[in-house]
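S.K.: Protein sequences appear in the order of chains A and B.
Sequential numbering from 1 applies to the first sequence in the working numbering.
Sequential numbering from 1 applies to the second sequence in the working numbering.
Quick caveat, the hints were computed from the structure, so don't treat them as lab data.
Please note: incorrect hints may appear among the correct ones.
Quick list of in silico lysine-lysine cross-link-like pairs, DSS-like style, CA-CA up to 27 Å [unchecked claim]:
{"no.": "1", "chain 1": "A", "residue 1": "K42", "chain 2": "B", "residue 2": "K78"}
{"no.": "2", "chain 1": "A", "residue 1": "K56", "chain 2": "A", "residue 2": "K103"}
{"no.": "3", "chain 1": "B", "residue 1": "K11", "chain 2": "B", "residue 2": "K71"}
{"no.": "4", "chain 1": "B", "residue 1": "K78", "chain 2": "A", "residue 2": "K98"}
{"no.": "5", "chain 1": "A", "residue 1": "K68", "chain 2": "B", "residue 2": "K71"}
{"no.": "6", "chain 1": "A", "residue 1": "K42", "chain 2": "B", "residue 2": "K11"}
{"no.": "7", "chain 1": "A", "residue 1": "K71", "chain 2": "A", "residue 2": "K103"}
{"no.": "8", "chain 1": "A", "residue 1": "K103", "chain 2": "B", "residue 2": "K11"}
{"no.": "9", "chain 1": "A", "residue 1": "K42", "chain 2": "A", "residue 2": "K98"}
{"no.": "10", "chain 1": "B", "residue 1": "K15", "chain 2": "A", "residue 2": "K42"}
{"no.": "11", "chain 1": "B", "residue 1": "K15", "chain 2": "A", "residue 2": "K98"}
{"no.": "12", "chain 1": "A", "residue 1": "K42", "chain 2": "A", "residue 2": "K103"}
{"no.": "13", "chain 1": "A", "residue 1": "K56", "chain 2": "A", "residue 2": "K98"}
{"no.": "14", "chain 1": "A", "residue 1": "K103", "chain 2": "B", "residue 2": "K62"}
Derived Cβ-Cβ restraints for the label pairs, each shown as a range [what the hints assert, rightly or not]:
{"no.": "15", "chain 1": "B", "residue 1": "D56", "chain 2": "A", "residue 2": "N110", "range": "20 to 26 Å"}
{"no.": "16", "chain 1": "B", "residue 1": "P61", "chain 2": "A", "residue 2": "P111", "range": "39 to 45 Å"}
{"no.": "17", "chain 1": "A", "residue 1": "N110", "chain 2": "B", "residue 2": "P8", "range": "44 to 50 Å"}
{"no.": "18", "chain 1": "B", "residue 1": "S53", "chain 2": "A", "residue 2": "G94", "range": "16 to 22 Å"}
{"no.": "19", "chain 1": "B", "residue 1": "T76", "chain 2": "A", "residue 2": "D31", "range": "28 to 34 Å"}
Here are some, though not all, of the chain B residues that point toward chain A, as calculated from beta-carbon distances under 8 Å [stated by the list, open to error]:
{"no.": "20", "residue": "P43"}
{"no.": "21", "residue": "Q48"}
{"no.": "22", "residue": "G72"}
{"no.": "23", "residue": "T98"}
{"no.": "24", "residue": "F102"}
By construction, the Cβ of each residue, glycine as well, lies at the ideal position given by its N, Cα and C atoms.
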Amino acid sequence: GESVGLHLPTLSVQEGDNSIINCAYSNSASDYFIWYKQESGKGPQFIIDIRSNMDKRQGQRVTVLLNKTVKHLSLQIAATQPGDSAVYFCAETGSNYKLTFGKGTLLTVNP
Amino acid sequence: EAEVAQSPRYKITEKSQAVAFWCDPISGHATLYWYRQILGQGPELLVQFQDESVVDDSQLPKDRFSAERLKGVDSTLKIQPAELGDSAMYLCASRHNTEAFFGQGTRLTVV
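All chains should be modelled from the sequences, with the hints used to inform the complete structure.
M.R.: Printed below as a string of C-alpha cells:
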C-alpha cells in the first residue's frame, strides 16, 4: 500500500527573515510556471506565476526566479511571517494545459 | 468571489464499496482537473477535461476509476470498488487562461 508520512523537504526560518524555496522542473517544453501555497487540509492556492520568456517576476513580498538553463525555479518570500507556514509547490504547464506539480517544501516560520 | 466547489469534504467508506465525488468549477472555465494527493506528496493528475472531453486520463486507474463531465460544467469522479490505497485527498481545479483555481478537496478514507 501507499506509505504515509511526510517526505517533504523542510525549511525552517525565523519570523522576519527571508525564505528561499527551490524547485527543479523536468519538461523543457513547459512555457509557464506557477507557485502554489497549501495549508493543512486545504487546496493549493495560487501565489505567483512566471512565463518561460522571463527570468524574474515580483509580487507583494514574493519573487519568482526562473533559470531555464538548469531548469530551476525559486520562490523568495521577504520578511517571512507565521502565516506563511505551509507547503509550497511549484507547477509547470504548457500548450496542452496539463498542469504538473513538483515535490513540495514544508516551510515553518518560528516566532 | 467565485470558487471551485467540491463535495463531500470528507468521506469514509469501506473497501470494495463505491464512492463518488462532485466538483462544480468556476463558471466559464473550460478546463477542469481531478488530482489525487497522498499525505506528504504533491498532487498527481488523474484526469483533465476540456469542456466535456477528456484530454488526458493517462494516470487514471481505469479498472476502478471513472470521471465524467457530461455538459462541460460540473464533474463527477467515481471509484468502484474502493481499495485501502485509495485513501487520499481528491482535488478538483478549474482553469481559465493561465491561472488554475483549486477547491478545498474531498478527504477519502477507505477502511
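S.K.: Look at each hint and say if it fits the structure.
M.R.: Evaluated hints:
Restraint check for K42(A) and K78(B): satisfied, since their Cα atoms lie roughly 21 Å apart, inside the 27 Å limit. Restraint check for K56(A) and K103(A): the C-alpha separation of about 21 Å stays at or below 27 Å, so the hint holds. At most 27 Å may separate the alpha-carbon atoms for a hinted pair to count; K11(B) and K71(B) meet this at roughly 25 Å. Of the supplied pair hints, the one linking K78(B) and K98(A) holds, its CA atoms being roughly 21 Å apart against a limit of 27 Å.
Using a Cα cut-off of 27 Å, the hinted pair K68(A) and K71(B) is violated, with the two alpha carbons roughly 39 Å apart. Our distance criterion of 27 Å between C-alpha atoms is met by K42(A) and K11(B), whose separation comes to about 15 Å. As the CA atoms of K71(A) and K103(A) are separated by approximately 14 Å, the hinted pair is consistent with the 27 Å bound. At most 27 Å may separate the alpha-carbon atoms for a hinted pair to count; K103(A) and K11(B) meet this at roughly 26 Å.
Between K42(A) and K98(A) the CA atoms are separated by roughly 22 Å; this keeps the pair inside 27 Å, and the hint holds. Among the hinted pairs, K15(B) with K42(A) is consistent with the structure: their alpha-carbon atoms are about 25 Å apart, no more than 27 Å. Simply put, K15(B) and K98(A) have alpha-carbon atoms about 31 Å apart, too far for the 27 Å limit, and the pair is violated. The hinted pair formed by K42(A) and K103(A) meets the criterion: a straight-line CA distance of about 17 Å does not exceed 27 Å.
Proposed proximity of K56(A) and K98(A) is supported: the alpha carbons are some 23 Å apart, at most 27 Å. Distance hint between K103(A) and K62(B) is fulfilled; the C-alpha atoms sit about 25 Å from each other, no more than 27 Å. For D56(B) paired with N110(A), a C-beta distance near 41 Å fails the hint of 20 to 26 Å. Here the CB-CB span from P61(B) to P111(A) is close to 43 Å, well matched to the stated 39 to 45 Å.
The supplied range of 44 to 50 Å is broken by N110(A) and P8(B), whose beta-carbon atoms lie about 36 Å from each other. Remark: the range hint 16 to 22 Å for S53(B) to G94(A) is upheld by a beta-carbon distance near 18 Å. In this structure the hint that T76(B) and D31(A) lie 28 to 34 Å apart at CB holds, the actual value being about 31 Å. Taken as an interface hint, P43(B) checks out: its beta carbon lies about 5 Å from the nearest beta carbon of chain A, inside 8 Å.
Annotation: Q48(B) was flagged as interfacial toward chain A, and the flag holds, the nearest CB pair being 6 Å apart, inside 8 Å. The interface hint given for G72(B) is broken, as the beta carbon of that residue sits about 15 Å from the closest beta carbon of chain A, more than 8 Å. Interface hint status for T98(B): upheld, as the beta-carbon distance to the closest one in chain A is roughly 6 Å, under 8 Å. The restraint placing F102(B) at the interface with chain A holds, with a minimum CB-CB distance near 3 Å, inside the 8 Å limit.
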